[in-house]
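One-letter residues, chain by chain:
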Amino acid sequence: MTKVAVYGFVRIVFDLLGPPSWWWGAVVPLLGGVTAVMGVLYALMEHDLKRLLAYHTVENIGIIFIGLGLALAFEANAMPAAAALALTAALLHVFNHSVFKSLLFFGAGAVLGATGERDMERLGGLIHRMPLTAFAFLIGCAAISALPPFNGFVSEWLTFQAILLSPALPQWLLKFLIPAIGALLALSAALAAACFVKAFGITFLGRARTQVAREAVETDRWSLAAMFGLAALCLLAGILPGYFIDALAPVIHPLTGANLPRQDELDWLTIVPIAQSRSSYNGLLLFLFIALAAGLGAEVIHRWSSAAIRRSDPWDCGFPDASPMTQYTAGSFSQPIRRVFGSVVFRAREEVHIPAPGDVRAARLHVQLRDVPWDLLYVPAARLVNYAAERLNRMQFLTIRGYLTLVFGALVVLLMVLSIWQ
Amino acid sequence: MAVILDAIVQLGEMLVVLVLAPLLAGYVRTLKARLLGRRGPPLVQPYRDLLRLLRKEVVLAHGASWVFRVAPYLVFATTWVAAALVPTFATGLVISYAADMIAIVALLGSARFMLALAGLDVGTSFGGIGSSREMMIASLAEPAMLMVVFTLSLLAGSTQLSSIAAFMQGPDVGLRVSLALALVALVMVAIAENARIPVDNPATHLELTMVHEAMILEYSGRHLALIEAASFVKLLLYVSVIACAFAPWGIAVSGQGFAAYLLGLAAYVAKLAAGGFLLAVFETSIAKMRVFRVSDFLGAALMLGLLATLLLFVSRGT
Amino acid sequence: MDPLALDVAHLFAGGLVLVSFMLLYQDRMTGLINIFALHALVVSLSVAWQAAIQDAPHLYITAAIALGVKAVVIPFALHRIVVRLGIHRTIEPVVGIGLTMLAGIGLVALSIMVMLPITAQAGTLAREDLAFALSVILLGLLMMISRRNAVSQVIGFMSIENGLILAATGAKGMPLVVEISVAFSILVALIVIGIFLFRIRERFETVDIHLLHEHRGEQP
Amino acid sequence: MSGSGAFALGAILAIPALSAAVLALLPDNRTSAQLNALASFLSLACALMLLVERPDPGHFLIVDDLNVTFIIVSTLVGFSTSVFSASYIAHELEVGHLTPAYLRFYHAMYQALMFGMNLALLSNNVGLMWVAVELATLTTVLMVGIYRTPAALEAAWKYFLLGSVGIALALFGTILVYLAARSALGEGLDAMAWHVLVANAHDFDPALLNLSFVFLLLGYGTKVGLVPLHAWLPDAHAEGPTPISAVLSGLLLNVALFAILRFKSVMSANPAALAPGPLMISLGLISVVFASLMLYRRQDIKRLFAYSSIEHMGIVTFAFGIGGPLANFAGLLHMALHSLTKSAIFFCVGHIAQVKGTQRIADIRGLTASHPVLGWGLVLGVVAIAGLPPMGIFMTEFLIVTSTFAREPALAIVLGLSLVVALGALLRHLNGLAFGEPRGHSDPAKASFLPIGLHLALVLVAGIWLPPALVAWFQYVAVLLN
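Residue numbers (the working numbering), protein chains in the order written: chain U, 1 to 422; chain A, 1 to 318; chain G, 1 to 220; chain D, 1 to 482.
To be clear, the hints were calculated from the coordinates, so they are not data collected in a lab. C-beta atoms are modelled at their ideal positions from N, C-alpha and C, and glycine is treated no differently. One should not assume that every hint holds.
Unchecked claim - Cβ pair distances, simulated, as ranges:
| id | chain 1 | residue 1 | chain 2 | residue 2 | range |
| --- | --- | --- | --- | --- | --- |
| 1 | A | A287 | D | I413 | 55 to 65 Å |
| 2 | D | I413 | U | A382 | 52 to 62 Å |
| 3 | U | D375 | D | T402 | 32 to 42 Å |
| 4 | A | Q45 | U | I309 | 18 to 28 Å |
| 5 | D | T402 | U | Y378 | 25 to 35 Å |
| 6 | D | D203 | U | I420 | 49 to 59 Å |
| 7 | G | I61 | D | F7 | 49 to 59 Å |
| 8 | A | F277 | U | E351 | 25 to 35 Å |
| 9 | D | D203 | G | I61 | 26 to 36 Å |
| 10 | G | D55 | D | G10 | 33 to 43 Å |
| 11 | D | D203 | U | Y378 | 52 to 62 Å |
| 12 | G | I97 | D | T402 | 54 to 64 Å |
| 13 | U | I12 | A | A287 | 52 to 62 Å |
So here's chain U without its partners, still in its complex pose (with noise of 0.2 Å):
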């Protein structure tokens, strides 16, 4: 649904504004980069999956935005063919966002269809009673981390080379501003990245938290098949780039008057933005290689080692069998990362209630988390609306006279108006 949104902006601004002027290019990048980082932010502090998956949304769209944005610095400066680099990264983002944002929505529904729970911290150990639907959301969560063989990583590539052509731009501003996106960018992937291991990794692997997780059935089939569709849509585009870009080119020519050069001729279908010397990926070639070492790595092991497997307790140094709860859970997942940016961005206080010593009950952890951007923003201009409206209330009881009042002092100002004007 974001999706119309971008679409909305890139026709008014492309198409109906004409061109642009230069500090676009740095108002647009910069508030995708920072959408970027607070959209994962939030997610990582998230606990329910949905909120997490649609918070990550904004992260998505806040690296589309960026791209658009370079698209708009390049085209201030009538850089045609890096705006359509810009444009078409922007573009292929979008697509590949759309194709693992609804696997990873279709996992969540298995999930939630299954357990009938959307918070993490009661689910755990899924993989066992739900093996293809983790696998299925085990590849949206790398696609969406933007790791190599899958195609969140090619968009995103695209956006760093889109980057890097930065220092071709006259303006100072930009020429500061832009690595400085380029930080966001690539600390916002990082970030999705461990919010996506927590993702997977508190919901899917583990042991079973709640009597619920423990008897999750697999989905039907039908909705397993929607999810593998999309999966392989994900390895496609991300071995195959190439023919995506070139599917884009019809779009990219008219918005930005140039083009990225034909992708598909080029030997063993690699991508190049610009130039050969300047930078290219293969999908394809490095795929077929980490099949190929781990083939070849499993075959030497299973050659000369022993192939002897013996299941027995976890060894947890030492520890006897732990209950369920010791787990890691969502909250303590993403705890060090809190404490790293939560204070700063949701200045997250933490208040640990240890009880008395002797007491038995439990010590307890509690985390307040302010929405900043909700606070400074939307409060201000709600308590202004209603500070004005309660001040101008008084005016509807005011007497006969005091309205008279206004009118005769309203006649006084006009005609005094009117004799300084004069």
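Could you slot chains A, G and D onto chain U? The hints should help.
Then chains A, G and D, alone, in the frame of chain U:
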């Protein structure tokens, strides 16, 4: 003909990487022991460890899923491919056009992704500690690394590691403040990524401090061998990236004939030794930081990387 | 327009402004009604005089209406209402007398200042007449604002009407339509006011606007 | 001057006057209600005939492009209100709010109001227009006080005082215009005829014109309900019978604004005079901002929509202040659509108040559950008045904001913000009124939904498709207003 030759060089390079990695780790370990006044294990100890582990049986926890068993192979494969992309003793490799610096960083990221998941899979608290701290460190180290990549590629005009090395050998690189900053940032990231002393102690099993070890706590047998090999290769990768980017002399350019390759190999081994020596000296001279001081350490690395990129425009004076 | 006629017209207009000031000053109800009668008398004289100067016979009708209705009938009716309501005792204006007077002088100054840029092209008589008429209107408005009592507000309103008549008759040659409409409005206004006063009297035992205020449709 | 044109012109005035007299004598409610509706329908027919042929401007009456639009809108809304008031008054009689004696008075006054408004729109003479507006005001004052409740009386008294002061100021302005015209055109009726005034306004005395425009703007502005002068409007709407509030906010405000537009065209014909734009812009903007903020704390449903009328009148005044063909076109269209929508809303509100027996917003809940037709009618009306997309008002507001943006971007931002604030308030109240579970007693609603449906359908059509002829004609009038 040239393609086949390059293919052979590429294969040779991959084998060299695999062979030298445990040697480098063993060298650093023995050197640290010597500096601390101990004899330390023989240089080939890591090879013996790997072989020993290969022969032992694998003990799996009851709760371990297929992720736990597949992870070591994927981690080893991605790290090995990343290492293969870095020009060690010769540039112009066949697959170097397949991926550039950003792809290498991303490959390491996917290795870390799989390792963190494997850590969480068994469902013990230590796996959780390891994964969450690893991801916290990664969330700062990766952007710092990318900032270093930005500096180098903005300077060299390309993100291909081989063309960066070629540019660095070239005359007009000159001494720049941003390059110095990038080097310091890269070293700090390398230390954090490879779980060396100030960030994480590779030798310890002390629950509260370990990060990398906590994730692989439950592994045994051949899986542990693969993961150990992967971490050795990763250490070698980082040292060779530093060498290739900041000390590119002696790297043979493709097609120069057999003698150049030998010379390149010799220069590469010398660089590895120097790197290992510096690392050992650094590790013995500094104590381990508290886990939550690591974020300031890596924050500093990120700031240095960003500063390096920004100063690029100043120092270049164009 | 020989100078003598001009001076007499100015005399009447100036007199009207003076009576308006007296209206502002007076704070007793019966006194107020008598001064209003005087106010209406001066207006009708001025209209009659204008009729004489402009030899426009229809103005005499307006003068007669003004005299008959506003100088005689209305004050008489108001007197009866006031006696029946028993409010002929003193009515204290909201703002002190001194301040109202000051404001009144300020208003007259303002209306003169506003009238200055009017070029001579519009005729000297028109310029002065308008200045006086505007002052009477502004003073009438000031009176409506500074009085609590409904009757005094109505008197204030009617002094504005007198100001309007002065202005209308001052505009030489204005077609008859305007005169009748002004008269017509006085008539209707009176009836409406009468009905209301009577009705208000029936409902709330008093004419004080302030008490009326409590019966607003929407409470705060 | 073709015969039928003059006949139509004469008829449109004669019908309301005659029917007012006849209705004053008719005791029975049913026949008087039907006669009232018939008379309004006939005047609508005459208005439409005027559209076809147009008599030449006489000394006292004129039919030009500007007032034909107004005449058609007012007769249309007058007719639909008369249909609505038939069922409304019947219900009021049952409930006992009105006695049969007052009923005759109500119908007579209704037609007298129609006569006043038609005369004001059609009069060519400035003084005659003033008299007509005065007559319309007096009739509405009597109508507002018809319920004899203390609140109604207070509202009527307030309306009368403020109205009379406004009218006095307007008269003084009219006199000044005459004086300014007299020096150029000589005495007599010519100096007060619109088409003559506009033709040679350029050699009037600019200072006199400025002064007159100040008085006229304040005088007629009181009738339009612009903010510093708006105080009578909310109470008059809330306390009077609902058909009157519909006619008041649908038509009377438009008539007063029509008068200001006439004088603005005279003013702007004289280059030396003070430009009327800034005055209208400032008053309009203050009204929009003030009214949108006042919507939040309203407890009475009719006062809520009265303030919404103030806001929309502010928007229209602002649009005409901005000037330029696009803004004028949008202003004219907005005025027509506003009167249609607002009267439709007041029809709904009238029935709702009757059905729920109260006008307090807090006591009216869950209308769509208890009275689906009324509830959804109100929802559609509020959606239209708030300016949400499918309906016509969104289009006109959009045009106004964009044309403002072209001239003074800062004002456009203020206007846009206050529109959003108003939208927020209206939807907040609507949410309480229309949805949730019903509360308070509710009798079955026997009401004619024809007028509500007709008006909202027209507004919806205007939002989606405007007949090209209408658009061209409106644009021509907009250019007329420059």
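Against the structure, the hints come out as follows:
One distance hint, 55 to 65 Å for the beta-carbon pair A287/A and I413/D, holds here, with the actual separation near 59 Å. At about 19 Å, the CB distance of I413/D to A382/U disagrees with the hint of 52 to 62 Å. Between D375/U and T402/D the beta carbon distance is about 34 Å. The supplied range of 32 to 42 Å therefore holds. Against the hinted window of 18 to 28 Å, the Cβ-Cβ separation of Q45/A and I309/U comes to about 27 Å, which satisfies the hint.
Between T402/D and Y378/U the C-beta distance comes to about 27 Å, which sits within the given range of 25 to 35 Å. Taking the beta carbon of each, D203/D and I420/U are about 26 Å apart, not inside 49 to 59 Å as hinted. At about 34 Å, the CB distance of I61/G to F7/D disagrees with the hint of 49 to 59 Å. The beta-carbon spacing between F277/A and E351/U, approximately 49 Å, falls outside the hinted interval of 25 to 35 Å.
Taking the beta carbon of each, D203/D and I61/G are about 33 Å apart, inside 26 to 36 Å as hinted. Remark: the range hint 33 to 43 Å for D55/G to G10/D is upheld by a beta-carbon distance near 35 Å. Here the CB-CB span from D203/D to Y378/U is close to 57 Å, well matched to the stated 52 to 62 Å. As the Cβ distance of I97/G to T402/D is approximately 55 Å, the hint placing it in 54 to 64 Å holds.
Here the CB-CB span from I12/U to A287/A is close to 58 Å, well matched to the stated 52 to 62 Å.
When the structure is compared with the earlier hints, violations turn up for hints 2, 6, 7, 8 and for no others.
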